[in-house]
Amino acid sequence: MDLQTLSEIAKTNQWSAIYPEVMLGVLALGLLVLELLFPKRWHTLIPRIAVLVQIGLLAGLVTCGSCSAFYGKELFGGLLLQGSSTQVFRIFFLLTSILVCYLGMVALKKQSLPRIEFFHIVLVITGAMMLLVQSNHFVMLFVALETITVGFYILVSYFRKNPLTLEAGLKYLILGGLSSAILLFGIALLYGAAGNPALIGSTAQSMNFPSLLTFLQNNPDNVVAIAGMLLVISGIAFKIGAVPFQIWIPDVYQGAPTPITAFLAVGSKAAGFGILLVLIDRVFVPLTSILLPLLAVMTAATILFGNLTALNQRNTKRLMGLSGISHAGYLLLGVVASVSIPWAEGAVLFYLFTYLLAAMAVFAVMTHLASPEDSDLEIDHFADLAKQRPFLGVILAIGIGSMAGVPPLAGFIGKLLLFIAAFQAELYWLLGIAIVGVVLSIYYYFGWIKAAFFDSWKTPGQEAAPTPTAFPRITFYGKLTMIGLAVATVVLGFFQGPVTDWLISR
Amino acid sequence: MNDINAILLFAAIGCPLLCAVFLFAGKSLGNSLVKGIAFVGFLAPAVISFWLWTQYAPEIPGGYDFISKTSTGLQSFGIVLHLGLNGVSLPLFILAGVVGLAAGFYAMNSKAERLSQYLLLLLVMQAGLMGVFASVDVFFFYFFHELALIPTFIMIGVWGGRDRHFAAMKVTIYLTLGAMLSLAGLIVLYVKSGATSFDLLTLREILAAQPLSEIAQRNVFALLLFGFGILVSLWPFHTWAPLGYGAAPSSAAMLHAGVLKKFGLYGLIQIGLPLLPSGGKELAPLLAWLALGNVVIIGLITLVQRDLKQMLGYSSVMHMGYCFLGVACVSLIGSSGVVILMVAHGLTVALLFMLATCIYHRSQTFDMLEIGGLVKKTPVLAAFFSFAILASIGTPGPGLANFWGEFTIFLAVWDFRSWMVVPAVLGVILSAVYGLRAIGRIFFGGPTESFRERLDSDIQDMSWNERIPALLLIVVLLIVGIWPRLVSDNVNAALQPEFTQIEQVVSLSEQSSEE
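Those protein sequence lines, which keep their order, are chains B and H. So the first sequence is numbered by the working numbering: it starts at 7 and just counts up by one. So the second sequence is numbered by the working numbering: it starts at 38 and just counts up by one.
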């Protein structure tokens, strides 16, 4: 490689384009330094600093006018590519991270564990997620994805005194490792196929997405490449929890600390969908005739599996996991539709945002109600919540209602947009399954609401079940956060205003 | 002037919602303040609906008036909050206002636990009801229906009577299924028509110019029919209704059975038939058979009910059969008969559910075999109840609007399938039997051993808190009964052009199929 190429590559190193990620990395390290510098009684300040800086970064990203200057240009020698949808995803991940940090502050109060590392790892994962959706190269994709996964290995087993948590950590480690291996094998096959000089369109840059696309356009029936594509999609299906790669979800969701369950449910899933959209949109386009039927079958199986297994679930963390599988199914429906209907990508983004708001509201309530044991959040623990803690009850109802897709909440509009997109893409049988799924989901969401709101029928003489633990007081900022989530969910149901413009008609 | 009326129409939806927000925000308000706020929220829509009735003067007879459009952010999908009233929706809009006021007033003076939250949910429901009939946009038509439906589930689950948990669950799942099917039907309609808008008027124009293929029409109409059918308790999808109404608190049952249930029929008349004429024609025989199932089978089931509220629930399912029969005729007379019957039945059934609760407060049981001889203590209640039952039977007589609705529907059925009039009339006899027997058992006849003691205790006749809402419903029912043209003229004017068009389309397609 001569000097000229190097200098050209160096010119594409636009560090300012990824300043939020860089800042997150610096902040993550800074937290550890602060822990060393600060006296012990100031340590509670450190997570607050993390949240404050992230809010600043979020504000910077939302108002960033000059960011669009980088759209569509390959950065860092073709490693990264930004666009309007990557911008949406970065905002999404920052928002998720802020909320997870807040939940972490609440949850860690009940534990005697090292604290600062928790926030450190959350920040690192968030940075990696933001880079993942911008990746334009399989090396970038793999490194970012592994950073996320390795971070989660630690976080899932963070409450290390609880055996269920350790079990969850081990399961996530083994299955995560397996999925990384599958993904890597797929990447290697694609690399090998595209780098074969005997084929037309072969390229030396065979991990670069545009070069790979050119190769695939010339060889749409190359068996090795197709096998590679299937393996890559499988690796990502593990992240989003699509059938048949969903098997880890209930155990891991139950064992993981509740804030991390929220992070997995919202952040990790969205990251998987972000990269799936990139790959389907920009790389595997020539292979859609093989990919689409496969994704369609996965969608149907995912929706049905998630909803059917959730029907009799009594543990709310497992319930969130299983219902999360069904939400992944609805999102996959949008992904399938997005192949023929371009705006469906926006519908997927909208749905992700509504899911973020609703799921975070529910997880916030769960985090507040969790005992130090944390993994035993049965539905019965919510009994009479509305009477004892009306505030948490209302937040929970709004969150669950939105996840069930009940109008006038935001989740309904999210589902409506996905369904319209699917109708336009003429996916009638998938829609039929999705509708069955929605009706099934009413059953278990309703059961939860019932436990929280409707007085449980007590026969005379039978005393009320003892309330699990004394509730911790909710801080002012906690109330503010939850009210914000709930109000956003309600308002987005009535008035979408500029949000649809921002997400859909980008 | 027209602008003010359009704003008023908007206010009829916004005012109850705003009052609900006040109740939500002010948790520790005094009891009388809570009632005051709620009363404003119930009164405003009723007053506005009557005012708009006097102001209704559309450019085309029966067409839309008081039109306003507000964008909520989904305009890129052709979804805009488009409000207006036409000849068909105006009577139902008034019905929603009147029944809402009666139900709200009754609820305010009931001794429900957590009254503020109960009223809050009723207000949200009221806002949804006003919105359903004021929406010209098909999406918002559905949206407002759901807005009104959700509080029903919660009210059944929290304030309901016996079996409320099971009932709430069953009603929720059934109605969600129905709502999802009709939503799917509405979205298919939007996508298939190629329209860029959910606006009913735009959809009508586009589909009049380019109707869908017959197969598509049949499939979409089937989706709408079964979706709406489940919501309106079409046989054999009716099982949620008696159970739900039996468990629901009275005000919720009044609003749901009286008004919200009419959503599906209204949808079939306003959206289904005009947009999918040949689909409607093709499925009409099937619908007619199912409707006869409602009339005859449910009629017989009603006969054997002992529980008063269950009986009312079944009888309301049965009367929906007449409405479906009218829709199945796909004719002008049939559909206008359905609108009159919907208004009349809405008022009657709301009155009956309210009076049933009044009886319960005095007898402490809904079992009709246990009650007896109540007339001695409560003559006024007996008079009101007898009036309501006679109205609901459809007794021919001046001042009973149900008769006009059923009579018109029978006329239409005669043109459609003459023999079907026989089972339909048989249904009237059935309802006379169970209706009169209910009056006889509750108010007349000797009290049973167990009930005699209670009867001797201190039982009061209806208080004014109970009489006012009952009188309100009765007066409106009498007005419609004595002068049905107040309703029917507008309905006919609105439906006339539609059905001329439907006849043309259908006869054209019949000709082409013969060729």
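Think of the hints as simulated: they come from the structure by calculation, not from any bench. Treat the numbers as computed from the prediction; the structure is a model and nothing was measured. Note that the Cβ used here is the ideal one computed from N, Cα and C, for glycine as well. Treat the hints loosely; a few may be bogus.
To be verified - Sample of chain B residues with no beta-carbon within 12 Å of chain H, all distances over it, derived:
(1) TRP48
(2) SER90
(3) ILE122
(4) GLU123
(5) LEU422
(6) GLY453
(7) LYS456
(8) PRO504
(9) THR506
As the list claims (entries may be wrong) - Chain H side only, calculated, beta carbon under 10 Å to chain B, not exhaustive:
(10) LEU80
(11) GLY110
(12) HIS182
(13) ILE191
(14) GLY197
(15) GLY198
(16) ALA205
(17) MET206
(18) LEU218
(19) ALA221
(20) TRP456
Structure-based check of all given hints:
Under the 12 Å C-beta cut-off, the non-interface status given to TRP48 of chain B relative to chain H holds; the minimum distance is some 38 Å. A cut-off of 12 Å between C-beta atoms confirms that SER90 of chain B is not in contact with chain H; the least separation is 16 Å. The non-interface label for ILE122 of chain B is consistent with chain H: the shortest C-beta to C-beta separation is roughly 39 Å, beyond 12 Å. Annotated as non-interface, GLU123 of chain B keeps its C-beta farther than 12 Å from every C-beta of chain H; the closest such distance is 41 Å.
Its closest Cβ contact with chain H, about 8 Å, brings LEU422 of chain B to no more than 12 Å, contrary to its assignment away from the interface. A Cβ of chain H approaches the Cβ of GLY453 of chain B within 12 Å, the least distance being about 8 Å, so the stated non-interface status is violated. Residue-level check failed: LYS456 of chain B sits 6 Å from the nearest beta carbon of chain H, not beyond 12 Å. Not every Cβ of chain H is farther than 12 Å from the Cβ of PRO504 of chain B; the closest lies at roughly 7 Å, contradicting the non-interface assignment.
At the 12 Å boundary, the C-beta of THR506 of chain B falls inside the reach of chain H, the nearest C-beta of that chain being 5 Å off. A distance limit of 10 Å between C-beta atoms decides the matter here; for LEU80 of chain H the minimum to chain B is near 24 Å, and the interface restraint is violated. A cut of 10 Å between beta carbons decides the hint on GLY110 of chain H: the least distance to chain B is about 3 Å, and the hint holds. Taking 10 Å as the C-beta contact cut-off toward chain B, the hint placing HIS182 of chain H at the interface holds, the least distance being around 9 Å.
For the restraint placing ILE191 of chain H at the interface with chain B, the shortest Cβ-Cβ distance is roughly 7 Å, inside the 10 Å limit, so the hint holds. Restraint check, GLY197 of chain H versus chain B: the minimum CB separation of about 9 Å is within 10 Å; hint holds. Of the supplied interface hints, the one on GLY198 of chain H is violated, with its beta-carbon coming no nearer than about 12 Å to a beta-carbon of chain B, more than 10 Å. A hinted interface residue such as ALA205 of chain H counts as satisfied when its beta carbon comes closer than 10 Å to some beta carbon of chain B; here the least separation is about 7 Å, so the hint holds.
Interface hint status for MET206 of chain H: upheld, as the beta-carbon distance to the closest one in chain B is roughly 6 Å, under 10 Å. About 7 Å separates the beta-carbon of LEU218 of chain H from the nearest beta-carbon of chain B, less than 10 Å, and the hint is met. Against a cut-off of 10 Å between C-beta atoms, the interface hint on ALA221 of chain H holds, since the closest Cβ of chain B lies about 6 Å away. Here the hint on TRP456 of chain H is broken, as its CB sits about 37 Å from the closest CB of chain B, past 10 Å.
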